[in-house]
Amino acid sequence: MEKMKKSEDVYKGRVFNVRRDEVILENGRESVREIVEHRGSVAMLPYDSKKDVFYLVKQYRYAVEKYVLEVPAGTLEKGEDAEKAVNRELSEEIGYVSDDIVKMAVIMSSPGFLTEVLHLYLCRNLREKRAEMDFDEDIEVIEMTKEEVESHIRSNEIIDGKTVAAFLLWKELFV
1 MEKMKKSEDV
11 YKGRVFNVRR
21 DEVILENGRE
31 SVREIVEHRG
41 SVAMLPYDSK
51 KDVFYLVKQY
61 RYAVEKYVLE
71 VPAGTLEKGE
81 DAEKAVNREL
91 SEEIGYVSDD
101 IVKMAVIMSS
111 PGFLTEVLHL
121 YLCRNLREKR
131 AEMDFDEDIE
141 VIEMTKEEVE
151 SHIRSNEIID
161 GKTVAAFLLW
171 KELFV
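All the letters of the sequence shown, read from the start, carry residue numbers 1 to 175 under full-length UniProt numbering.
These are computed hints drawn from the structure, not numbers from a lab.
Be careful, since some hints might not be right.
BS3-like, lysine-lysine: derived pairs with alpha carbons at most 30 Å apart [stated by the list, open to error]:
1. 171 - 58
2. 129 - 12
3. 50 - 78
4. 78 - 129
5. 84 - 129
6. 146 - 162
7. 146 - 129
8. 5 - 50
9. 66 - 51
10. 3 - 66
Every value quoted in this text rests on a predicted model; they were computed, and no experiment measured them.
Between the sequences and the hints, there should be enough to build the whole structure, so can you do that?
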């Protein structure tokens, strides 16, 4: 196991912090680890059984300079329970809440440098309830059938990791 020798805060931000750690490896050598600290997130696969569709969101992602089709998701507030964050985020992003929330998995998208733990949920029994979006969000809600989601994954039109994971988990656990 690696041991920290020295830690330095490099950046403190609204969504994440960055630190630089000097570590001693198991073999005694020294190295550097750059860590992005994140509070954690929730991601939801909302399914409307009456329409037989999933609700995805399309939004511009500045980091990759393009519009991305993905499941609704959001960062946990400090100390917030993941399951309570689900309906807050659903309401803000797609204008619905769920009366049937099922946790499918907990994943770490990039544990080599990122502390974020992502909680993936299936949300059914949706009912309308619109909350105001965050000031910096411009989201288009997209309804897609199972076949359309599969097609978009195969054609690399959906490449967001949490979205692919959530959909494949749904297929494995619920179909």
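Structure-based check of each hint:
Among the hinted pairs, residue 171 with residue 58 is consistent with the structure: their alpha-carbon atoms are about 22 Å apart, no more than 30 Å. Under the criterion of a C-alpha separation no larger than 30 Å, the hint pairing residue 129 with residue 12 is inconsistent with the structure, at around 34 Å. Between the alpha carbons of residue 50 and residue 78 the distance comes to roughly 35 Å, so the proposed pair goes past 30 Å and is violated. Taking the CA atoms of residue 78 and residue 129, the gap is about 24 Å. The hint holds against a cut of 30 Å.
The straight-line distance between the Cα atoms of residue 84 and residue 129 is roughly 15 Å, inside the 30 Å bound, and the hint therefore holds. The straight-line distance between the Cα atoms of residue 146 and residue 162 is roughly 16 Å, inside the 30 Å bound, and the hint therefore holds. Straight-line distance between C-alpha atoms of residue 146 and residue 129 comes to about 24 Å, which keeps the hinted pair within the 30 Å bound. As the CA atoms of residue 5 and residue 50 are separated by approximately 57 Å, the hinted pair breaks the 30 Å bound.
Restraint check for residue 66 and residue 51: the C-alpha separation of about 29 Å stays at or below 30 Å, so the hint holds. The hinted pair formed by residue 3 and residue 66 fails the criterion: a straight-line CA distance of about 39 Å is larger than 30 Å.
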